[in-house]
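Chemist: Sequence:
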Amino acid sequence: MERLHFGTRARQKARIKRAWLYAWIVTVVAAAAGIPGSGNALGFFDTLTGTADAGVLSAASTAVGPSEVAGFRGEFHKRRHEHVHVPKMPADWTEAEIIETIYAAAGEFGLAPSYLLGVAQCESTLNPLAYNSGGPGYHGLFQFDYMTWAEFGYGDIYDPPAQARTAAELLALGHVSRWPNCA
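Residues in the sequence shown are numbered from 57 upward in steps of one, following the working numbering.
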């Protein structure tokens, strides 16, 4: 039988598929082991695969509850996990709801609502599903990367209230350098 030769593009696609599969497996194992922050990656895979509604991966992301994460990350996160809500899918948000959420977060942390709204407009044009592949990859309204989100965020990285509250709190604490082009 003749040996098959595949083009560069086909080999590259196969490598990318394998890398995603390995990353997904590692993420599921990490969530099952209770490693904090692994639920964020599961939410990302849910979003990519379209299984977020079915909750296929989301069940594993609850391996670590808010109290365990708060105890692990300290006082900064305890306040945030007291505000628990059931998020809507980012695609279901209207622009008016996003603006209202940003204004509420700004008021909660003592920021000017127009300032926080301006940062979100600059970063994502108010698109809660915005994704920028530059660098480590930036996600959501305020363009968080997974490392920053694991340290300061909570819940799904694409959840508008979680993004708005996290960004407002970081800006109120003086972390303006996290948004060098917009803040």
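Heads up, some of the hints might be wrong.
Label pairs and their computed distance ranges (CB to CB) [what the hints assert, rightly or not]:
#, residue 1, residue 2, range
1, G193, E153, 20 to 28 angstroms
2, S189, R67, 15 to 23 angstroms
3, P236, T150, 27 to 35 angstroms
Note that these hints are calculated values from the structure, not bench results. Since the structure is predicted, the reported quantities are computational estimates derived from the model, not experimental observations. Even glycine gets a Cβ: it sits at the ideal position worked out from N, Cα and C.
Chemist: Would you mind marking each hint as holding or not holding in the structure?
Modeler: Each hint, compared with the structure:
For G193 and E153, the hinted distance range of 20 to 28 angstroms is satisfied, since their beta carbons lie about 25 angstroms from each other. At about 21 angstroms, the CB distance of S189 to R67 agrees with the hint of 15 to 23 angstroms. Checked against the hint of 27 to 35 angstroms, the C-beta distance between P236 and T150 comes to roughly 29 angstroms, which is consistent with it.
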